[in-house]
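Novice: Use the sequences and the hints to build the structure in full.
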Amino acid sequence: MAQPIAPMRRMELEAPERFIPVVDAGLCKRCKKCVSECSYRALDFVDGNVKPIGGCVACGRCINVCPAHCIEIRQIPSQFPAHANFNERVRRAIMSQASTGGVLLTSCGTDIAYPVMFDEMLLDAAQVTNPAIDPLREVVETRTFVGGRRGRLQVRDDGRLHMDEGPGPTIAMDMPIMIGHISLGSVSYNAQKALFAAAKELNILAGSGEGGLHKDFLPYAPHVVSEIASGRFGVTGDYLKSTAAVEIKIGQGAKPGHGGHLPGEKVSALISQTRMIPLGTDALSPYPHHDIYSIEDLQQLLSVVKEAVEYKVPVGVKIAAVHNVGAIASGVVRAGADFITIDGFRGGTGSTPRIIRDHVGLPIEVAISVVDQRLTKEGLRNRVTVFAGGSIRSSADMIKAIALGADAVMVCTAAMVAMGCRVCQQCHRGVCSWGIATQREELVSRLDPEVASARVVRLLRSWNEELKEILGAMGIDSVESLVGNRDRLRYFGPNSKIAEIMGVKHVGEGWG
Amino acid sequence: MPADVWGERKHKDVRFDPASAVERRDGLVIIRADTKDGEGRMLHYKVLNDLIRREMLAGTRHIVLEGVMGHRYIASTANRKELYIEIRGTPGNNLGAFLDGPTIEVFGNAQDMTGNTMNAGRIIVHGNAWDVTGLAARGGSILIKGNTGYRVGIHMKEYCGVRPCIVVGGTAKDYLGEYMAGGTVVVLNLGGARGSPVGLHLGAGIHGGKIFVRGKVEDHQLGPGATVRPIEEEDLPELLWCLEEFERAFHTSAPKDKNEYVKIAPASSRPFSGHYDPTSV
Numbered sequence: 001m002a003q004p005i006a007p008m009r010r011m012e013l014e015a016p017e018r019f020i021p022v023v024d025a026g027l028c029k030r031c032k033k034c035v036s037e038c039s040y041r042a043l044d045f046v047d048g049n050v051k052p053i054g055g056c057v058a059c060g061r062c063i064n065v066c067p068a069h070c071i072e073i074r075q076i077p078s079q080f081p082a083h084a085n086f087n088e089r090v091r092r093a094i095m096s097q098a099s100t101g102g103v104l105l106t107s108c109g110t111d112i113a114y115p116v117m118f119d120e121m122l123l124d125a126a127q128v129t130n131p132a133i134d135p136l137r138e139v140v141e142t143r144t145f146v147g148g149r150r151g152r153l154q155v156r157d158d159g160r161l162h163m164d165e166g167p168g169p170t171i172a173m174d175m176p177i178m179i180g181h182i183s184l185g186s187v188s189y190n191a192q193k194a195l196f197a198a199a200k201e202l203n204i205l206a207g208s209g210e211g212g213l214h215k216d217f218l219p220y221a222p223h224v225v226s227e228i229a230s231g232r233f234g235v236t237g238d239y240l241k242s243t244a245a246v247e248i249k250i251g252q253g254a255k256p257g258h259g260g261h262l263p264g265e266k267v268s269a270l271i272s273q274t275r276m277i278p279l280g281t282d283a284l285s286p287y288p289h290h291d292i293y294s295i296e297d298l299q300q301l302l303s304v305v306k307e308a309v310e311y312k313v314p315v316g317v318k319i320a321a322v323h324n325v326g327a328i329a330s331g332v333v334r335a336g337a338d339f340i341t342i343d344g345f346r347g348g349t350g351s352t353p354r355i356i357r358d359h360v361g362l363p364i365e366v367a368i369s370v371v372d373q374r375l376t377k378e379g380l381r382n383r384v385t386v387f388a389g390g391s392i393r394s395s396a397d398m399i400k401a402i403a404l405g406a407d408a409v410m411v412c413t414a415a416m417v418a419m420g421c422r423v424c425q426q427c428h429r430g431v432c433s434w435g436i437a438t439q440r441e442e443l444v445s446r447l448d449p450e451v452a453s454a455r456v457v458r459l460l461r462s463w464n465e466e467l468k469e470i471l472g473a474m475g476i477d478s479v480e481s482l483v484g485n486r487d488r489l490r491y492f493g494p495n496s497k498i499a500e501i502m503g504v505k506h507v508g509e510g511w512g
Numbered sequence: 513m514p515a516d517v518w519g520e521r522k523h524k525d526v527r528f529d530p531a532s533a534v535e536r537r538d539g540l541v542i543i544r545a546d547t548k549d550g551e552g553r554m555l556h557y558k559v560l561n562d563l564i565r566r567e568m569l570a571g572t573r574h575i576v577l578e579g580v581m582g583h584r585y586i587a588s589t590a591n592r593k594e595l596y597i598e599i600r601g602t603p604g605n606n607l608g609a610f611l612d613g614p615t616i617e618v619f620g621n622a623q624d625m626t627g628n629t630m631n632a633g634r635i636i637v638h639g640n641a642w643d644v645t646g647l648a649a650r651g652g653s654i655l656i657k658g659n660t661g662y663r664v665g666i667h668m669k670e671y672c673g674v675r676p677c678i679v680v681g682g683t684a685k686d687y688l689g690e691y692m693a694g695g696t697v698v699v700l701n702l703g704g705a706r707g708s709p710v711g712l713h714l715g716a717g718i719h720g721g722k723i724f725v726r727g728k729v730e731d732h733q734l735g736p737g738a739t740v741r742p743i744e745e746e747d748l749p750e751l752l753w754c755l756e757e758f759e760r761a762f763h764t765s766a767p768k769d770k771n772e773y774v775k776i777a778p779a780s781s782r783p784f785s786g787h788y789d790p791t792s793v
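Chains as they are written, first to last, in this note's numbering: chain A, 1 to 512; chain B, 513 to 793.
Here are the simulated EDC-like cross-link-like pairs (lysine to aspartate or glutamate), alpha carbons at most 16 Å apart as the crow flies: (1) B:K728 with B:D769; (2) B:K593 with A:D238; (3) A:K312 with B:D562; (4) B:K548 with B:E535; (5) B:K728 with B:D686; (6) B:K768 with B:E757; (7) B:K558 with A:E310; (8) A:K51 with A:E72; (9) B:K728 with B:E772.
None of these hints come from the bench; they were simulated from the model.
Specialist: Below is the structure:
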């Protein structure tokens, strides 16, 4: 009689682990702090020893809390046969999707090694024919004004100056940096508090993100840009009137053309209160604004918001950098935006489909330059403040972005890293071990808003000092003179076509 | 009115006293929106809204707007609960946007985006109100005697017992209650239209709130996430409140037999939770 065939087992084809926390048993004090701090449950205490049990994302929390400094996170070498085309990343995605059948979700900016044009540009400096300035002993102005400047100044026949419409409402920031829109919901109460406090301390702006403004944060409102996105979460007349500026969010660099999606797990009592939605439901923002199907419709929303704020604060528009960004920006300015924020495709997020994050949009370097050139050509550039974001990692990126044509930059991920983020790309799971991208009370309390805020303040101050160093070296005494000053940039990369599109000369090209 | 013509107009330059458009009679404040300035042009919406805002801040309780011809953004963010605005004529888009308390009554038709992101108050329309009425409303009532257009009641929400409602006396077009996250929409079909009084893609992506339709709803009209559910006892107070709100607004009677209505409700409060793979490989 033949042996009965064993019942078929489900095929276990999960992708192998990527990281392993290794604990030195000789040094370990058995305090179990790492076990309790690991919000990804990758460690357990078994038979008197700490053991890795899988699921490590290399967030580094265990290393940080270990009093014996005896933990090391090792990246497990690839367990796949080498293949440059079907690389490990590709094969892992296939395996995961074959198991779940879902759209791959991820967080933070893209981790694909696309060329970064910021790293392919060199800055100029003053030599002989123009003097450099010492920023430690002379004034180098970094104050930046945000708002529309649509008035025209005319000299009349009688010799008097006449301005036809006036400058409109403007805001002064002490440095050309804005902390980007990071919503309460995507990040914790403590994280948003830290960012707002940093903006106040630095006298710059911070975005509220699409989640309304928590009542505790009203004292920061003069430094907050409120956001109207397609879900209109938390948007009331009082909210719009209380803040320094209002931004209509059309798109985000990490997910152009995609709506927001705050999973029900993150809709805690606090979030439900600020967003004004029921507890535990998915907070879905529609893909489009259903009252905007054209530039004319955008003009209407801009106008109604201006009515709502009684023309007292600037009202702007944020768009993702997409292929036709120049024409879109031109339409946005004509529709009446006082400022325009352009978000490049490498920008971060608390949750996005990976397919969109990794494959849709334009690099910010190109987008800034294209928009600046287009608006200048059409005589519109003076009407708006241009913000640029989408992976501004350092002061060098900031300076190059300004030279390419932005008035100021928008910083998000760098501020997160300053607060403790390790860019492990797990924000959408809502269990951030650093208390940043989570709503769980026990995790949120790990982030001290004062400490985090001070770190953001120090980071951005140091960037501003570096900006002054560069401005001084170039012999420029005000950051406004660097805006769109592409002549002070040279392209030092493999693709001169890109340089041509950006309006940047190649290294070696002079002007006289 | 062509938007660019209005946008380019420099209302500040006109030597014209807007106060001449305001008349006080029998305890009412009447603003004539069709008052012509020195160059024969009607009041700009900015001027009209400024006049309304001034009256509201001065404590006026009853404002009559006469000769309204497409003026946009009327009473946006108005927030005095006791304020009543009577509109004679045809208001433009975004009537009562961000409204937070007052009552607006339109003796005529309303255009698109009436009650955009409304928080509280009432908007009564004695005619039709067109597309995207009640977008993202969070509270208050929008009562329409006639018909309404496409994408009405999109992404309405509710929170802590505050629930918006839209009652349509006639019919509605496609995408009614799309992305709906709360609140109540009622379509009464009082004109007795043949076939279904609502269009296609009904409640597409709905994850909260309820839609009541008096008349037939076929399965193919339902959008993703929307299902037809029986009307339970617990639904009745909500439905009746909406019907009574309609009756109060138009001094008429609305059919109250629950068997005439079909209820459309979300299949789940998390319609897309299974759509994604959060493994983060």
